[in-house]
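Trainee: Just need the whole structure built from these sequences, with the hints factored in.
Number of protein chains: 2
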Amino acid sequence: MLISEFARKAGLPVDTIRFYIAKGLLKPDRALKGGSNPYQLFKPEDVTAARMIKLQQKLGYTLGEILALNEEYRAGEHSSERTIEVIQLQIERLQHRKEAMDAALAFLLGKLDWIRSGKPGPAPRLEDYER
Amino acid sequence: MLISEFARKAGLPVDTIRFYIAKGLLKPDRALKGGSNPYQLFKPEDVTAARMIKLQQKLGYTLGEILALNEEYRAGEHSSERTIEVIQLQIERLQHRKEAMDAALAFLLGKLDWIRSGKPGPAPRLEDYER
DNA sequence: TATAAGCGTGGAGTGCGCTCCATGGTCAAT
DNA sequence: ATTGACCATGGAGCGCACTCCACGCTTATA
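Those protein sequences? They're chains A and B, same order as listed.
Using UniProt numbering, the first residue of the first sequence is number 1, and each one after it goes up by one.
Using UniProt numbering, the first residue of the second sequence is number 1, and each one after it goes up by one.
In case anyone wonders, no lab produced these hints; they're calculated from the structure.
Being a predicted model, the structure only gives us computed values, none of them experimental.
Which bits of chain B does chain A cover? Going by a derived footprint, with three or more residues having C-beta under 8 Å, they are:
(1) 40 to 54
(2) 79 to 91
(3) 109 to 116
Each computed BS3-like pair below joins lysine-lysine, with the alpha-carbon atoms no more than 25 Å apart:
(4) B:Lys-9 x A:Lys-111
(5) B:Lys-111 x A:Lys-27
(6) B:Lys-58 x B:Lys-43
(7) B:Lys-27 x A:Lys-111
(8) B:Lys-54 x A:Lys-58
(9) A:Lys-58 x A:Lys-43
(10) A:Lys-98 x B:Lys-111
(11) B:Lys-98 x A:Lys-111
Backbone N, C-alpha and C define an ideal beta-carbon position, used for all residues, glycine too.
Mentor: Here's what the structure looks like:
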């Protein structure tokens with residue numbers, strides 16, 4: 001498929017797609033050579049790849065990190081060992097982030113309780129929830 | 001305290017502190033007037049405020065959002081009603097983010113299982129984990 | 001009093017992640 | 001053959017969150 005259809009399916013602006021291609025995050029096929037079709041051609045897997053990038057961004061990765069991660073992933077594509085390591089690394093970082101959020105959540109909920117109960121004793125201290 | 005001591009206690013570079021002041025996120029006292037001390041003076045609560053900013057950033061808020069949130073918070077400082085609303089809003093957004101992370105985590109763990117078990121059946125699909 | 005450390009201001013620069021635009025090539029339909 | 005939609009490239013610009021620098025003033029210490 002051509003870039004505009006791909007962009008629609010991926011839910012991203014065309015410019016962003018091109019930006020990702022320039023960064024090496026997406027690698028559409030090229031059909032130039034002879035002189036007929038100088039357009040970039042996208043496969044259905046590329047849509048999945050684009051979705052994956054968006055997901056990874058939501059998880060707090062920069063495009064640079066995503067590129068590195070995905071390249072490592074590709075490098076070990078035929079080694080389950082390596083793939084498992086990469087996935088485990090992602091899971092680990094994700095869990096760290098979740099823990100930070102849990103701490104923040106606990107703090108906010110603690111504060112809510114404190115206010116609701118008429119503020120007895122000292123206010124919950126942020127420091128007590130940080131690790 | 002003066003800015004450098006404050007920066008040390010807050011765990012942020014002096015330049016960043018000044019940047020936050022310029023943005024209205026921090027409001028140190030001013031002791032100029034007569035002509036003696038033209039320096040910004042920070043109170044211990046300001047350290048807490050700075051930590052709070054860092055926390056909010058970790059939770060994915062932009063400085064603009066943090067400013068708005070904190071101002072609303074201050075505006076309703078003497079209304080428990082309002083304070084509770086603001087905190088609940090933060091909790092809600094936080095839980096949304098957590099859910100997104102849980103979905104990602106489930107996807108990654110699913111993939112791990114699939115690889116470990118010798119890849120029977122189709123690979124876990126990202127779409128099945130998105131909401 | 002000289003000097004050095006610290007402070008404030010203004011402005012430029014940086015890296016990231018886009019976003020927009022001008023130019024020009026390609027292609028399908030008329 | 002012309003039109004119009006789509007494509008590619010290169011480069012400029014933008015908002016965010018800093019970061020760095022030059023300048024000049026203030027204050028503590030020698």
